[in-house]
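With the hints as constraints, model all of the structure from the sequences given.
Each chain, written out:
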Amino acid sequence: MSSTPNQNKVDQSINDGGHVPDDPLTDHAYDGIQEYDNPTPGWWTYLWIATIVFSFFYWLVFTLAPKDAGYATRYEIAAARDLKKTFGELGELSPDEPTLIAFLTDAEKARWLKFGESLFKNKCSTCHGSEGTGINGTNLTDDKYIHVKQLTDIVDVISKGRNNGAMPKFESKDLNPTEMTLVAAYVASLRGTNKPGGKPAEPNAVTIDPWPTNRPVSSAR
Amino acid sequence: MSDATIGASGASSGVVGGREGGNVLEYDARMEKFVYDDKIVRMFLFAMIGWGIVAFLVGLIVALLLMLPGIRQWCYDNGWVAMGDFLKTALSFPYLQFGRLRPLHTNAAIFAFAGNAIFAGIYYSTQRLCKTRMASDLLSKLHFWGWQLIIVSAALTLPLGITQGKEYAELEWPIDLMIAVVWLVFFGGNFFWTLLKRRERHMYVALWFYIATIVTVTILHVFNNIWVPVFGGALVKSYSIYAGAQDAMMQWWYGHNAVAFFLTTPFLGMMYYFLPKAAQRPVFSYKLSIIHFWSLVFIYIWAGPHHLHYSPIADWASTLGMIFSLMLWMPSWGGMINGLLTLRGAWHKVASDPVLKFFVVAITFYGMSTFEGPMLSIKAVNGLAHYTDWIIAHVHSGALGWNGMLAFGMMYWLLPRLYQTKLFSTRLAEVHFWVATIGILIYIIPIYVAGITQGLMWRAMNEVGQPQYEFVETVSAIMPMYYLRAIGGTLFLLGALIGFYNFIRTWMARPAVYEEPVHQALPLALATFKPEVKPVSKLNTVADVAKKIDVFSTMWFHRVWERMPVKFTLFVIISVAIASLLELVPTFVIRSNIPTIASVQPYTPLELYGRDVYIANGCYNCHSQNVRPMLAETKRYGEYSKPGEFIYDHPFQWGSRRIGPDLHRVGTKPLTEDWHVRHFEDPQQSVPGSIMPPYPWLMTKKLDFESIPARIRAMQILGVPYPQYEGDARGNTVADARAQAAAIADRVVKQGGQPGLEDKEVVALIAYMNRLGTDLGKPAPTPGEPTAPAPVQADANEQSDDSTKTEAATSSSLPLGQIQSGGR
Chain U
3 MSSTPNQNKV DQSINDGGHV PDDPLTDHAY DGIQEYDNPT PGWWTYLWIA TIVFSFFYWL
63 VFTLAPKDAG YATRYEIAAA RDLKKTFGEL GELSPDEPTL IAFLTDAEKA RWLKFGESLF
123 KNKCSTCHGS EGTGINGTNL TDDKYIHVKQ LTDIVDVISK GRNNGAMPKF ESKDLNPTEM
183 TLVAAYVASL RGTNKPGGKP AEPNAVTIDP WPTNRPVSSA R
Chain H
10 MSDATIGASG ASSGVVGGRE GGNVLEYDAR MEKFVYDDKI VRMFLFAMIG WGIVAFLVGL
70 IVALLLMLPG IRQWCYDNGW VAMGDFLKTA LSFPYLQFGR LRPLHTNAAI FAFAGNAIFA
130 GIYYSTQRLC KTRMASDLLS KLHFWGWQLI IVSAALTLPL GITQGKEYAE LEWPIDLMIA
190 VVWLVFFGGN FFWTLLKRRE RHMYVALWFY IATIVTVTIL HVFNNIWVPV FGGALVKSYS
250 IYAGAQDAMM QWWYGHNAVA FFLTTPFLGM MYYFLPKAAQ RPVFSYKLSI IHFWSLVFIY
310 IWAGPHHLHY SPIADWASTL GMIFSLMLWM PSWGGMINGL LTLRGAWHKV ASDPVLKFFV
370 VAITFYGMST FEGPMLSIKA VNGLAHYTDW IIAHVHSGAL GWNGMLAFGM MYWLLPRLYQ
430 TKLFSTRLAE VHFWVATIGI LIYIIPIYVA GITQGLMWRA MNEVGQPQYE FVETVSAIMP
490 MYYLRAIGGT LFLLGALIGF YNFIRTWMAR PAVYEEPVHQ ALPLALATFK PEVKPVSKLN
550 TVADVAKKID VFSTMWFHRV WERMPVKFTL FVIISVAIAS LLELVPTFVI RSNIPTIASV
610 QPYTPLELYG RDVYIANGCY NCHSQNVRPM LAETKRYGEY SKPGEFIYDH PFQWGSRRIG
670 PDLHRVGTKP LTEDWHVRHF EDPQQSVPGS IMPPYPWLMT KKLDFESIPA RIRAMQILGV
730 PYPQYEGDAR GNTVADARAQ AAAIADRVVK QGGQPGLEDK EVVALIAYMN RLGTDLGKPA
790 PTPGEPTAPA PVQADANEQS DDSTKTEAAT SSSLPLGQIQ SGGR
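Quick note, the sequences are listed as chains U and H, same order. Numbers in the working numbering are just positions in the first sequence, counted from 1, shifted up by 2. Numbers in the working numbering are just positions in the second sequence, counted from 1, shifted up by 9.
Worth flagging that the hints you see were computed from the coordinates, not collected in a lab. Even for Gly, the Cβ is constructed at its ideal location relative to N, Cα and C. Take these hints with a grain of salt, some might be off.
What follows is a list of derived Cβ distance ranges for each label pair [said to hold, decoys possible]:
no.: 1; chain 1: H; residue 1: Pro540; chain 2: U; residue 2: Phe58; range: 34 to 40 Å
no.: 2; chain 1: U; residue 1: Phe58; chain 2: H; residue 2: Ala38; range: 57 to 63 Å
no.: 3; chain 1: U; residue 1: Gly20; chain 2: H; residue 2: Met92; range: 54 to 60 Å
Derived lysine-lysine pairs resembling BS3-like cross-links, with alpha carbons at most 27 Å apart [said to hold, decoys possible]:
no.: 4; chain 1: U; residue 1: Lys87; chain 2: H; residue 2: Lys644
no.: 5; chain 1: U; residue 1: Lys175; chain 2: H; residue 2: Lys644
no.: 6; chain 1: H; residue 1: Lys431; chain 2: U; residue 2: Lys111
Here's what the structure looks like:
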C-alpha cells in the first residue's frame, strides 16, 4: 500500500519462540509498533459487499411497497385473519340466559370456555386471582354470591360494576358482547369448583339456587 | 522495567534518537527533550479499578433486588415471618430500589469504569504515539478531578431520584453541563492541543479512533441533553425539549452511539496500541485499519433506530436502522480480525501471558457481540428479543467481555510499567482471568436462556388464540436464571477484587522516586519527510476508470490525511453528521411521520406531577410504554401505540425492558384506585409471584403541590398547550391538582381503601396511571373549546353514571362539587 517499494523487514531480534510472519511491511512505526501491508481478507470483503447488496434490495422493497410492508399494515392483516379464525365459527353472541346455559351444558361448546378463561386471566385475575379464588375481589369458586341470583346477573355485574367501582365496569370497548358471553360463562362454570387456597366467602354472600341446568355445573368444565 | 518494543528501538525506551520514515536519526542539536506524564495515567488507572468494583457491586445489588421478593415469599411460606418482614422493609427503602440503582449501575459501569479506563489508555498511548507530553498538565488534572466529581454527583443524585428519565443520559442538567465542559474543554482541548504539538508526523490508527471518540461523544451528549430546567424550590429537574417519537429517535441515536463511541471506538484504539505492544507483532493490516475505521464511523450512526423496531417511529427509520446494522457487521469484524491476526506467531505466548489472555477473550467477545448486534437488529429477531433479557445478556457480553477484559488486560500490561516494578503476581492475574471469564459465561448463558424463554412465553397463544401465560408467569419462569446470573456476577466482581489486590501490592513495591526517562525528538517543523506521491496504476490494458479505482484502492491519500489532524477531524465530523442529519431532521420536519390525534390532550397538572414521580422512581427501567403492533401484544395489553399519542411526553418513556408488564394502556385496564394503592403498598399481595418492590412511602410522602406551577411553566416553554394556565392563571394549577387529588382519594375510600391520601404522592401517580393510553379512545374536543386538559368530560354520554372514570374532570372552571367521584 505504501507508495514506495517496500524493503522493510520485521525486527528479527524478536526471539520469543514464535514465528513472525514475513508479510510485506509498511514503512510505518509508532512507538515501536509496525504495520503489515496486508490486503483485507477476501471473505471479509465479499461478506461485506453481500450485506450491502442485500441491504440495498431490502431497502428498495420496503421503500417501493411502504404500505404493505409497514408494521401497521402487517398488523391489521394479521388481526383480521385472527378475528375471522376465532369468531368465524361462533358468530356474534349475545350474553342472554339460553346462550350462557348452552356454553355450560353443551360439551361441544364448552371448549370455548377456554377462551373465556383467557379473557378472565387477562382482565379479572388481578383482583379475583388467576384461578378465580379471590384476592381483593371475591372468591368465584365457592357457592356463595353477593350480587348474583341468576346467570344473567353475572353479565350485569361485569358490565355495570359494583361497590362504587371496587368491581369496575367493563364497557363495550373492554369486552364485546361475544367476549362478555364467554367470560360470563367461564365465571359461571367456576361455581362450586372450590379450588384450594380460596378466599373465605364475604359475610354478606349467600348460597343461591343452582344454575338452570339438569346436571352439576362443575362437571361442565 | 522492560518496555516492549518492536523493530528499531523507539523513543519510548529512553534511547536518544527517534525513528522517522524507517531511519534512525543521528543525534541532532535541534532535538527537543521531553518527559511523559505517567502520573495522570496512574491516577486514571486507579480510578478505573476502584469505580469498576463499585459498578460491579451495584450491578450485583440490583441483580439481588430482583431475587429478594421471591426469597421473601419463600420466607413466609416456610415460617420465617420475621425475616420476610425484614426483607419487605429493606425492599421498601426508596434509595435502594431497583429503578433508582439500575441507572447508577449502568452509569458507573459506562462512565466511571469504562470512562476512566479510556482516559488511562488514551493518556498513556497518545503521549507515546505523538512523542510529546500531554499539552497541559493543568488540563489533565482538571479532567481527572472534574470527571471524578461528575461520578460522585451521579452516585449522589441517582439514588435520590434526580434523573432526566433517559437511559444512559439520566444525569440532570447541572451534571450535563459539567460533562460537556470536562469532556470537550478539559479532555478534548488537552488531546487536540497535544495532537498539534506532536513530534510524530503521522497519526497512528489508535489516534484516529480517539479523535472519533472525542468529537462524536461531544455531539451526542450535547444534542441529546437539550432541556428546559424546572425552577421551583429545591428541584433539580428538567424536561427534554424533544417529545415522544422525536425524543425516542434522539435518545437512541445517543444511546446506540454511546455504545459505539464510548465503548467501542476508544477501546479499539486501545486495542491497536496495547495489543501489538503486548504481542510484539506488527498489526495485521494497515489497509484494513483504514477501511474498518471509516466504515465504522460512517455506518454506526445510522443504526440507532434498531432500538425502536415495532415502536411508533416511522417505518423508513426502522428499516434504515436495520440495514445499516447489517452493513456494520463486517466493519466491526474488521477490528476483531486485525486484533486476532496480529497475534499470528504469538499464540504460544497467550498460554503464558495473562495480558494476552485478557485481550484474546476481549476481542472474541467483541466479535460475538458485533455479530449478535446486527442479528438482533433484524426486525423479526428483534420482535422476539426486544424488551427481554436477551438484550441484557447481549450488553453484558459486550460490557464485561469486551470492555471489561480489555481494560483489565491493559491494566496488567501497564502496572509494571507505571509502577516501575514487577507485577506483584502473574499467577493472581491468571486467577483473575479465569474467574472473570467463567463469571461472564455463568452470567450470560442463563440470561440468554431467560430472554428467549420470556420472548417465547410472551407470544405463546393457547388453542383459542389468547395469550397462554399471564405476565407474572413469564417472570416466575425465569427466576432460576436470575439466581445463576447473580453467581456469575459475583465471580466477575471477585475477579476485579483480586485485580485490585494485585494492583495495590504492585503499587506498594514501587520505587521511592519514579524514574522519568528523558526522550528526544525533532520538532515536526524541523523534521524532514518525503511527501506522499500518488502512485501510477500498473494496469495498462484497461479503461481509465479502472486505473483510477486501482490508484484509489491503494489508499495512498489516507497517508496524507494522517499528518493533518484538523482535516482528519473535520472528515470524522462530516461522517457522523451525514447520518445524524439524514435520519433525525426528517423526523422533526416531516409531519406525516407523527400523525396527530385530535383527542390526545396534555396531562393535567396532577398527572404531570405523577409522571414526574414515575420518572424519578425509574419505573421505565422495568416497564415499557409501547404496545407493539403484534397480536400477542394487543391481546395482552390493548391497542398498539400510535406516534400521535406521545406528543406531550417530554421525555418519552417507552423503556427498553419489560421486567414488569407494559404500561402504555394501563389506564384502560379495569384497575381501581384502591387496587393501585394496595399494589404499591405490597405488590406481592396483589400479584403473587410479582418481583416489584413495595412502595409504602408513596402513601406517606407529601405531594409538593407548590412545585406544580413551575413544572407547567417549563412545559409551556416547550410549547405544550395549556392556554388556561397562561400568566397569572398558572397559580390555578395548584387548586386543580388538589381537586383531582381529592377526587381520587375519595374514590379510594369509597372502594374500601385507606383514607387521607389526598395530599400524598400516590394519588398523582394513580392519576398518571389512569390517564395512560386512554386518550386514543376519547372523542375529539369540539373546536372552539380550550384544547388543553380541562375541562374535559371524560365521557360525555356517561355523565350521570356514578361509576364513570373521570381522570381529567378537574379545572379551575369547574366547581369542586361537579367533580365526579365515581370509581372505576
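- Task: Given the hint of 57 to 63 Å, check if U/Phe58 and H/Ala38 actually sit that far apart at their C-beta atoms.
- Result: holds, 60 Å
- Straight-line Cα separation of H/Lys431 and U/Lys111 no greater than 27 Å? violated, 81 Å
- Hinted pair U/Lys175 and H/Lys644, Cα distance within 27 Å: Answer holds: U/Lys175 to H/Lys644 is near 13 Å, not above 27 Å.
- Query: Holds or violated: are the alpha carbons of U/Lys87 and H/Lys644 at most 27 Å from each other?
  - Reply: Status holds; Cα separation ~15 Å.
- Task: With 34 to 40 Å as the target window, see if H/Pro540 and U/Phe58 comply at their CB atoms.
- Result: About 38 Å separates the Cβ atoms of H/Pro540 and U/Phe58, which means 34 to 40 Å holds.
- Task: Confirm or reject the claim that U/Gly20 and H/Met92 have a C-beta distance inside 54 to 60 Å.
- Result: 58 Å Cβ-Cβ, so the 54 to 60 Å window holds.
Checked against the numbered hints above, the structure breaks only hint 6 and satisfies the rest.
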